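Colleague: Here are the chains, one letter per residue:
Number of protein chains: 2
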Amino acid sequence: MTDITFTYFNCKGLGEVTRMIFKYAGIDFIDDRFSDEDWPKIKPNMPFGQTPILIVDGKTANQSTAIARYAAKKAKLIGSDDWENLEIDAIVDTINDFRTKIQLYAYEQDSVIKETRKGPLFQETIPFYLEKLEQIAEQNNGHLAAAKLTWADFFLAGVIDYLDHLVEMNLLENSPNLQKVVRNVITIQAVKAWIDVRPQTEA
Amino acid sequence: MTDITFTYFNCKGLGEVTRMIFKYAGIDFIDDRFSDEDWPKIKPNMPFGQTPILIVDGKTANQSTAIARYAAKKAKLIGSDDWENLEIDAIVDTINDFRTKIQLYAYEQDSVIKETRKGPLFQETIPFYLEKLEQIAEQNNGHLAAAKLTWADFFLAGVIDYLDHLVEMNLLENSPNLQKVVRNVITIQAVKAWIDVRPQTEA
Numbered sequence: 082m083t084d085i086t087f088t089y090f091n092c093k094g095l096g097e098v099t100r101m102i103f104k105y106a107g108i109d110f111i112d113d114r115f116s117d118e119d120w121p122k123i124k125p126n127m128p129f130g131q132t133p134i135l136i137v138d139g140k141t142a143n144q145s146t147a148i149a150r151y152a153a154k155k156a157k158l159i160g161s162d163d164w165e166n167l168e169i170d171a172i173v174d175t176i177n178d179f180r181t182k183i184q185l186y187a188y189e190q191d192s193v194i195k196e197t198r199k200g201p202l203f204q205e206t207i208p209f210y211l212e213k214l215e216q217i218a219e220q221n222n223g224h225l226a227a228a229k230l231t232w233a234d235f236f237l238a239g240v241i242d243y244l245d246h247l248v249e250m251n252l253l254e255n256s257p258n259l260q261k262v263v264r265n266v267i268t269i270q271a272v273k274a275w276i277d278v279r280p281q282t283e284a
Numbered sequence: 082m083t084d085i086t087f088t089y090f091n092c093k094g095l096g097e098v099t100r101m102i103f104k105y106a107g108i109d110f111i112d113d114r115f116s117d118e119d120w121p122k123i124k125p126n127m128p129f130g131q132t133p134i135l136i137v138d139g140k141t142a143n144q145s146t147a148i149a150r151y152a153a154k155k156a157k158l159i160g161s162d163d164w165e166n167l168e169i170d171a172i173v174d175t176i177n178d179f180r181t182k183i184q185l186y187a188y189e190q191d192s193v194i195k196e197t198r199k200g201p202l203f204q205e206t207i208p209f210y211l212e213k214l215e216q217i218a219e220q221n222n223g224h225l226a227a228a229k230l231t232w233a234d235f236f237l238a239g240v241i242d243y244l245d246h247l248v249e250m251n252l253l254e255n256s257p258n259l260q261k262v263v264r265n266v267i268t269i270q271a272v273k274a275w276i277d278v279r280p281q282t283e284a
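Just so you know, the sequences run in chain order C and P. Heads up: take any position in the first sequence, counting from 1, add 81, and you land on this note's numbering. Heads up: take any position in the second sequence, counting from 1, add 81, and you land on this note's numbering.
There's no promise every hint is true.
Note: identical chains are not told apart, hence a pair may lie in one copy or across any two.
Stated by the list, open to error - Quick list of in silico lysine-lysine cross-link-like pairs, BS3-like style, CA-CA up to 27 angstroms:
1. K261 with K140
2. K195 with K182
3. K213 with K124
4. K124 with K199
5. K155 with K229
No lab work stands behind these hints, which were simulated from the structure alone. Just so we're clear, the structure is a prediction, and the values are computed from it rather than from any experiment.
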């Protein structure tokens, strides 16, 4: 049997998508979480100083999106051809762009710089991305790519609580089709069962 | 026959990796370039306001990394199993992280903010990434993943001129194994032939 460990902070963040995919597929893994206090000790041993990492039979890989894509292949949550996988990859990278723009505001330490970023983010960037993603979800009938359930849907469902936390708002409040994307994932029995028992964390 | 158009600025930037991969594989495509002056007219018609885009038989996809991965599948420059592809994807995303950190400095308009980013970028971030990437290239015998030629190598070879331009230095000057990665790509006959005839651009 394959021995899988997924190591990340005790939060949803960039790790929850992979946890959800493994749970969806019934793939056993060790849900290894470290505390914020332990991070300074752990960081120097991480590839490029970051988590999550995935350890499969003693081999280690890094990068959250790459790990989620690997999990999705094992879970058969990928497209049926190269073009569908391109569609999925493009939406995932677009959600990552959106996240990066939010993080640039949310993690800014300098309050003056942070304030200059607030208007553009909340009045331009967030509405721009949500409007376009909402259109795509509508065209794909409640999915983000290939008009079917793929790991792109899991990607949004896995990261949305973290994004909401960063901007302190319900980002999808006025996006019924994006809400449907998330609902289509979190109401799957195996995913719902995981959500019911997973460690309760804010982000 | 498949009809392929690749649309991007008249530069290497985030597009050259895909052009190089197509040329390597002898896959015909229209190398569609627009001028900087035309960009404001083109931008509103681009998915999420960005390029490059790839058009295959009338269908359009966006996101440079996703497009490069698609091209790499057509060119058989991918790994031989899911784990090797995870390794490749992780290195590519790591190079993108490195690029993003460089861009955050290079494109900063406010000279005071830019100055505060200079020290950390040049004294910490750049040496940190280059040292770790150099180790990986050494372990993989002149490649970035799976100890063989993959699109991860093309990714570095395609983006390095752009990164050098952004920081106005020869980033790989003291990294012989990363130089080898790039050389292993640009000396391939089909790639070399393309480099000899492609439009000459700075970045």
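Colleague: Hint by hint, note whether the structure agrees.
Modeller: Hints, verified against the model:
In the homo-oligomer, the alpha carbons of K261 and K140 lie at most 27 angstroms apart only across protomers (25 angstroms), although the nearest pairing inside one protomer, at 37 angstroms, exceeds that limit. Within a single copy, K195 and K182 get their C-alpha atoms as close as 12 angstroms, and across copies as close as 18 angstroms, so both meet the 27 angstroms cut-off. Taking the shortest Cα distances, K213 and K124 sit within 27 angstroms of each other only across copies (14 angstroms), while inside one copy they are farther apart (36 angstroms). Taking the shortest alpha-carbon separations for K124 and K199, only the inter-copy value of 23 angstroms comes in at or below 27 angstroms, while the best intra-copy value is 30 angstroms.
Taking the closest pair of Cα atoms, K155 and K229 come within 27 angstroms of each other both inside a single copy (17 angstroms) and across two copies (24 angstroms).
Violation of the numbered hints given earlier is absent; every hint is satisfied by the structure.
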